[in-house]
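Undergrad: Take a look at the letters that make up each chain.
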Amino acid sequence: MSALAVEGVRKSFGRTEVLRGIDLELAEHEVVCLIGASGSGKSTLLRCVNLIEPVDAGRIVVHGGEVTRRGVDVNRVRRGIGIVFQAFNLFPHMSVLRNVTLAPRAVLGLGRGEAEARARDLLARFGLADKAADYPDRLSGGQQQRVAIARALAMEPKLMLLDEVTSALDPELVAEVLEVIRELAAGGMTMLIATHEMGFARDIADRVCFLDDGVILEQGPPAEIFSNPREERTQRFLERIVAAGRM
Amino acid sequence: MASEGDRRAGPEVAARSSKIIGLGAGGARGVAIALASTVVVFVALGVAITHAPGWHEVRTTFFNWSQFRSTLPEISRAFLLNVKIFCIAEVLILVVALFIAVIRSLPGPVFFPLRALAIAYADFFRGVPTILVIAILGFGAPALGLKSVPTSTTFWGIVALVLVYTAYVSEVYRAGIESVHPSQEAAARSLGLTRWQATRHVILPQAVRRVIPPLLNDFIGLQKDTALVGVLGAIEAFNQSQIDVDATFNFTPYLAAAFLFVAITIPLARFTDWLIIRDRRKRQAGALA
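If you read the sequences in order, they're chains F and Y. Residues in the first sequence are numbered from 1 upward in steps of one, following the numbering used here. Residues in the second sequence are numbered from 1 upward in steps of one, following the numbering used here.
Among these hints, one or two may not hold up.
Claimed, not checked - Covered stretches of chain F (in silico footprint by chain Y; criterion: 3 or more residues with CB under 8 Å from a CB of chain Y, positions within the stretch not fixed):
1) 86–96
2) 101–112
3) 148–158
The hints are simulated quantities; they were obtained by calculation from the structure and are not laboratory data. Quick caveat: nothing in here was measured; it's all calculated off a predicted structure. Glycine included, C-beta positions come from ideal geometry on N, C-alpha and C.
Same shape as in the complex, but just chain F (with noise of 0.2 Å):
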């Protein structure tokens, strides 16, 4: 059983269609780079998995149950998928520690003891030991992002989709960011990361994928899709991020 399974995933807003037919699966475990230009529609992709975007047609199967099916609980699929976005998104009116101990206290009903006992071993993990009284506003970027994946990891999702996670970072904050999400894909994490930082996929990714207008237009292993693109768009789009000096 796959751990997630796209099929034939439509969507548009308004007279733009912005997914046009994706087919996509993961195996458990396996870290998947979604890559391509911006507007090629990978944030849309992430959103339409989290349930965040209702799709047009095709389906969606995460763990083996149908979550793009009439009738699905949304709120319980949610729980087992964990998103990180761009802009962090942190809760900005609550500590640090009550924006990770928020949603395991009021979705999976913890205990206030328990709750904080998890974000705090997440937070040592990820190096945020010392700010877990500190509001977002107070944290760099790096930080934030940091914060927000453990959020994201507080609820034990079994699936984790990255949003362009350092697209909004200072240049040289990004390290910091990858450098979790590498260790999440040591501990056996399935991933489906959309990204701008194409060294970085190389270094992690068990498979790329190249988004272009709305379908995926080439995947294979990272040294593959790299090294040696069949498509010619796919050539001319790693041209520009050589080009941009982003690789």
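Mind docking chain Y on chain F? Use the hints.
TA: Chain Y in isolation, oriented as in the chain F frame:
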């Protein structure tokens, strides 16, 4: 001609002192200018009023110190009713208005009837003059003669004020709810929180914090409007002052009542200003960071 000389002396002295204070320091100079122009304006106003033909009459009928002192204690006691009305109404308004604002921000076609009701309510009670709502409820509801319906004028006065002010305050809350970025709800829902949990833990705490200054502004209005309950016959500060005026043919009790209202609204107004300034500083600091 002495008065003419006085009038000229005021600004000259002030100008000279501002020059002395304002040596070099722009801030001190600004304060001095503000002080001087304030003195000029008030001296001019004072002179204009005290030289009006009817000033003597007005002073004895409106600014009668012994009248003020003799009626203030009684009006103060009556004013306690205004305070009581205000306190009860304010708590109810805060709760009911929040409820209505949440209903109005429910998405989806299923909730259309509830949203429509909330909109109709806000439109209606913001459109009808408060004094009419008070009169209609205060005279109409007890007239129904229902056993379970209280006949107390204070009760119906509070109900009327709650109805009117809830309409305003729910709009204030709604503006706050809409000012919270949708990504906050997306983040909360993505963690598995239900819509209600996301509203309660994430949206409302941020929304309410942002609208505290406009909320306080509405409550300054509410404090004053408690006097309208007087039309139903409840002996609150305005009614008491009217009784005193009728008994003495002197209008000073009105001034005493006004003094009491101002004594509680001005501190609240300054507190509101302070909150607004603090909020602005905070946001600017946030933008710089």
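Undergrad: Each hint should be assessed against the structure and marked as holding or not.
TA: Checked hints:
{"no.": "1", "hint": "86–96", "in the structure": "holds (count 6)"}
{"no.": "2", "hint": "101–112", "in the structure": "holds (count 4)"}
{"no.": "3", "hint": "148–158", "in the structure": "holds (count 3)"}
In terms of the numbered hints stated before, the structure departs from none.
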